[in-house]
Amino acid sequence: MDQKNKNSKKPSYSRFSQQELSAWKPILTPGWVIASFLTIGALFIPVGLVALSASDAVVEIVDRYDEECIPDAYSMDPESFIQNPDIKKTCVRSLRVPKKMVAPIFVYYQLENFYQNHRRFVKSRSDKQLRDPEANNDTYHCFPEARTSDGKPIVPCGLIAWSLFNDTYKLSTRGKPLTINKKGIAWKSDTEVKFGSNVYPKDFQKGGLIGGAKLDEKVPLSEQEDLIVWMRTAALPNFRKLYGKIDTDLEAHETIKAEVENNYNTYKFGGRKKLVLSTTTWIGGKNDFLGVAYITVGGLCLFMAINFILLYVFRPRRLGDPSYLSWNRLPVA
Amino acid sequence: MNLDETKSVDLQEDELPGLHNSSSHRSISSNSLRANSIKEVGFVDLRSKEVRYGSRGGSNSMSMSRREISDEDSRLVYINDPLKTNEKFEFSGNSVRTSKYSVLTFLPRNLFEQFHRVAYVYFLVIAILNQLPQLAVFGRFVSILPLTMVLLVTAIKDAYEDWRRHRSDWIENNRLSSVLVNDSYEQKKSKDIQVGEIIKFSANETIPCDIVLLSTSDPTGVAYIQTINLDGESNLKTRYAKQETVSRIHNNEKINGVIKCEKPNRNIYGFLAYMEIDQKRVSLGPSNIVLRGCVLKNTSWAVGVVVYTGMETKVMLNNSGAQSKRSHLEARMNREIIFLSFFLVGLCTVVSICAGVWLRRHRDELDIMQFYRRKDYSGEDVDNFKYYGWGLEIFFTFLMSVIVFQIMIPIALYISMELVRVGQAYFMIRDDNMYDETTDSRFQCRALNMNEDLGQIKYVFSDKTGTLTENKMEFQYASISGVDYGGEKTDFYEEQGGYFAQVDGLVLRPMMKVRVDQELVRLSRSGNDTKTGKQIYDFFLALAACNTIVPIVVDTSDPVEKLIDYQGESPDEQALVYAAAAYGFMLIERTSGHIIIDIHGDRQRFNVLGMHEFDSERKRMSVILGCPDNTVKVFVKGADTTMFNVIDKSLNLDVVRATESHLHSYSSIGLRTLVMGMRELSSHEFEQWRSSYEAATSALMGRAGLLRKVAINLEKNLSVLGASGIEDKLQQGVPEAIESLRTAGIKVWVLTGDKQETAISIGYSSKLLTSKMTQIVINNNSKESCRKSLEDALITSNAPRTSTSGDDGSLIALIIDGTSLVYILDSELEEQLFELASKCAVVLCCRVAPLQKAGIVMLIKKRTDDLTLAIGDGANDVSMIQKADVGIGISGQEGRQAVMASDFAMAQFRFLVPLLLVHGHWNYQRMGYMILYNFYRNAVFVLVLFWYALFTAFTLSTAINEWSSVLYSVIYTSVPTIVVGILDKDLGRTSLLQYPQLYGAGQRQESYNSKLFWLTIADTLWQSIVAFFVPLLAYWKSDIDGPSIGDLWTLAVVFLVNLHLAMDVTTWNWIIHASIWGSIVATIICVIIIDCIVILPGYWAIFHLAGDGMFWICLIGIVVASLIPRFVVKLLVQHYRPSDVQIAGEAEKFGAIIESRSAEIEMNQHHT
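Chains A and B are the protein sequences, given in the same order.
For the first sequence, position 147 (counting from the first letter as 1) is numbered 146 according to numbering that gives the first Met the number 0, and the numbering increases by one without interruption.
For the second sequence, position 802 (counting from the first letter as 1) is numbered 801 according to numbering that gives the first Met the number 0, and the numbering increases by one without interruption.
Do not rely on the hints blindly, as some may be mistaken.
Claimed, not checked - A few chain B residues that face chain A, going by a derived Cβ cut-off under 10 Å, partial list only:
(1) D366
(2) F384
(3) Y387
(4) L391
(5) S781
(6) Y994
(7) G1045
(8) N1068
(9) F1126
Hints were generated in silico from the structure; no laboratory data involved.
The model shown is predicted, which means the values in this text are computed figures rather than measured ones.
Yeah, the Cβ is synthetic: ideal placement off N, Cα and C, and Gly gets one too.
Can you make the complete structure from the sequences, with help from the hints?
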């Protein structure tokens, strides 16, 4: 037929054009339903338990010092204290190790109520400038910390770099200083690629308002790890940033003396500052949420499985039984 | 085409009051001559109109063709003098341009056209807002990416289509024709032809412009043309050259004359002009013009003068697309979209107010706060940096949040829907089950925006002739002088090879064979000596002569044998002529002056002295023949209603009565009937007629009306010759199709111009009516009696019927005729009729006029939300097709007007079943699901962004990379929903056809309703909360950075949204697999690529993140916890309230197990 009449408009047959491609048509049979609930339950509860125990194994010391590190004389006006460069800001805290902490122990500073994700803040940076010495002038997004008053570009420019955290910690235990290793706290990808090894700070922190730490102009940006860590802006207003690592174990019930230099001004907006020492596991830091969530979901699935088993046993419905079709049911009703 | 039809419909509208108020005419056109209706609508009506208003003088509101030509509305064409013709008026050249753009205009024009769509304007406004520095949420490039992509894709598509048009234009414009230049014919390119030139073309040539015929190879000036390119009709039509010019061309004389014709217009059935030649005025009408696109047939050459060229030709003026209707589902969807826009405004208000409060609370701290730093110290003076006061800040925040949350209003959904409809249309067009072998035609989607409405039809309004029936007429019964022939038929032709005539050693046979009645054959052979013989002779002479059929001689493989093909516009006439031929009265030749009929081997020549063509008011036609015995006879053929008015009953009352009773019995078995009458004219009568006929034909004003008067004067005091019964066979599969549709819960109404008896009998044979049904017949002549019948009928319909359910006994069939409808429609009785009709399973309307068909559709449409579908094949169905929610044209015997007005076109009524039950069901389910899914998909993403805004001091910075937020709806999630919208099948074809009741899913709006919408919104809220807060709580007070958690959110939402879709897919073929899993993979790749860009803050984030166990636990946890509620609800619904679709789906899979039981139940189900 087709050969006889080549101009025939008869649609050429294919399984595709007739919508008859072979296909898998899954149907939720009781077996599938129960099996899937049981599988989820059986997977989620153990994972939850493991996560919970991992979180439990993390030893964490958190010490809030922003209020205590203000001398009583300034307690009504902490800002005048923090903004006065002539006052010594050192303050000593003692931390107690609750359980044995196995190295590496991570030292974090934790800021709360600090919106590193604020639109004005996150945008105020120049990634090109950080990487490429030729791009010093790329300060378009960096306002209001783009250029000095005489028009020279600031390197690194922008609010983020300008507000670099500048509290420092010195730890010692039993009279011996605990060295905080500040090498390797930034992402390797950042130190090796993102931040240029031939880009040096210029005219940084020279403006009318000092936002935070100053940078050594002889050290290239790729080695300024505190800056690199700070510039990975936090997702949430309460966040930690890695300060350094301690490579020795800490015994339980040990007391650690922390000398905090309280320089960073969070008093203006009620931001809290905390010093954190924490070990880590595969799941990260101490956080019970995921473990609990997994156990809840898993438990719920087991509960569902049981319910559906009961349902299918006591009120079964035959799959595909035409007597359930509405027009077959109607006469009965 | 479309406007033209509207015009003709309007005409009928105008016509109606006139028809109904006049007492002498019944209101409904006879169906028996309905095949003429194209013509009837096209120009016969136009002319009748002209008469009616003629006395009042042409009013300006009337269309061109209806008026006499006034100077300012006319063009003058000097024959064979293109220079003079074109010197004053600049007529367009003959080059045609269907292409829209040139290289220069493409960009501006295409963009202008694209921005006619609201969706694009919305994108554009958002993109412009984003360019304002205060509002720059996204980067410049990112923000215009989606818009440019959509524009680019559309532009490429448009450019390709236009290139194809350019190419076909080029071919058209460079086709050669022979044009008379300096007294000899030269080949000229089509585009160079000018108005006024004389062109010559030969057989099978396509005419390049609109021409007035001057002469043809036929000495009488007849030309046969095929108008298949124009209106799809394949039969030949006759066109005439005026005698005044024919001879001149034949004698190679020069022609100098002027044609004054109306300005170009789009009425392809009308033409009004006169020609001044030799100081004589010759009037020209539609039968003298040949339009561009026609093909010359059976005429070796023809010569004509060009009157309209290029874009001014009638066919080009008619080149406009079908009007678009809006899909019902889309209209409903727009309601929900309005809600979503309120929701969007709500979200933005919350964010901007919170932002205002935050600024207010921190107003003293903003100056030097590290992450705000309002003060700018870089300049000489310390001033505010990017701070515009808190009122403006709130306003800007509001606009920014509109930009960030823009996809809350799923504008891309409109584009996806278009793509899905194109895909669905592809499958409908390609469906083997909707291809008709005999006409070689596929299903056609003419409107691309209502596929899903096919799944929700509640009412089907069907025409009868040509829709339910084949419109291929077969002569069955003859009643001659009160004697009924045709009881016992034999296959005469199989025994003896049928009737043939021998001419000059050639054997001529009619192309189609007709079964004949032996007795009648014997009687007809016996000659016209006896009284019966004479009556039979006159009867068949009337059949053979009183028509407009043109016999065409066709060669066969045998050189001495030729076939005669009777070409004509009316299938009824064809059937009658074939019948006459089978009984030995073979029409062999027709020219405008005479016909030759072979009567039992004896060739006789009859002079055609005059002809009164069919018109819708007389409903009959007549021909005046000068017979070989020098008598002049008028033969009249027409509908019984009008014929009995002009038959002289005093002559032979018994015969008239017997004929009437035969007619009744013919129509009660579903035959179409015609009555033949005859009168011999005395020479005085003849002369009288001739003078008035000539005066009328040459009249310039109101020619049609004058002719009709002449005809009415002539057609009186006829003696009845007899009547014919023609069977119009039901199309294949119609009873089964109707049964399926009714089982599917669709109410089938048949609207026909036929008589009540014919309609009822077709009702029975098509299984529309069954003998068990209670029939209510409303057949009244006044408003009061209509009111009473309706009241009675309502009481009957409300009365409880004693019958078991499922039996047809409880069903009511309403049969109502057009006269009653005149009183009911547009009056207070409409309400009662609606009430009654909604209780009836079947409604049969007979004797309805075209416009009443539309009125009946509106009766339902005005009062319910139920979707209506109208299906028809003729010009008289156009109004109904346009009024109904879905209009379907049958591309059959009656031209293409119905198809042109329709949204979908197909070849056979039975294709309605796969179209509605299979494709309609699928399309509706797919589209309904797709809309809900798109709402969900966009809202879940927007809500995740919204929740995050609450943790950024309401500043709308996003953790999710701006590229990802743009690509989300472009790459990450767009393809699967479109693919599923095109390919997913909730049930297989066999189940849908086996259980037509499954169609109820669409009628009950099971795939898209407010309840589902709100459930979806609730589900969306839950899923967005899980997707956002699980990472938030898991990474609370950790050193997670923005881009990393953003990647987690991106991946979580994309996984979630795609798996959600996967959970709802029922038929997993490889394409759906590829699209869903492919999208997930594509997303991962995109996220990785984005994180490999060094100068983005999120450089390398995904690699750090994925190295952490927490990430994977979050991801899996989010997907599982989000989907569990939906899964559980789905299971419970499936268990406690399983839908029919679901059970049928299970039955499909486990069919083998329960087949035995289902067979028992489905015993009486019909399998299609």
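Structure-based check of all given hints:
1. Residue-level restraint check for D366 of chain B holds (minimum Cβ-Cβ distance to chain A is 9 Å; threshold 10 Å).
2. For F384 of chain B, the interface hint holds, the least distance from its beta-carbon to any beta-carbon of chain A being 4 Å, beneath 10 Å.
3. Because the beta carbon of Y387 of chain B sits about 13 Å from the nearest beta carbon in chain A, more than 10 Å, this interface hint is broken.
4. A distance limit of 10 Å between C-beta atoms decides the matter here; for L391 of chain B the minimum to chain A is near 15 Å, and the interface restraint is violated.
5. Taken as an interface hint, S781 of chain B does not check out: its beta carbon lies about 42 Å from the nearest beta carbon of chain A, beyond 10 Å.
6. With its C-beta approaching chain A no nearer than about 7 Å, Y994 of chain B sits inside the 10 Å limit, and its interface hint holds.
7. Against a cut-off of 10 Å between C-beta atoms, the interface hint on G1045 of chain B holds, since the closest Cβ of chain A lies about 7 Å away.
8. A cut of 10 Å between beta carbons decides the hint on N1068 of chain B: the least distance to chain A is about 4 Å, and the hint holds.
9. Proximity of F1126 of chain B to chain A holds as hinted, the smallest CB-CB distance being about 8 Å (cut-off 10 Å).
Violated hints, in rising order: 3, 4 and 5; the structure is consistent with all others.
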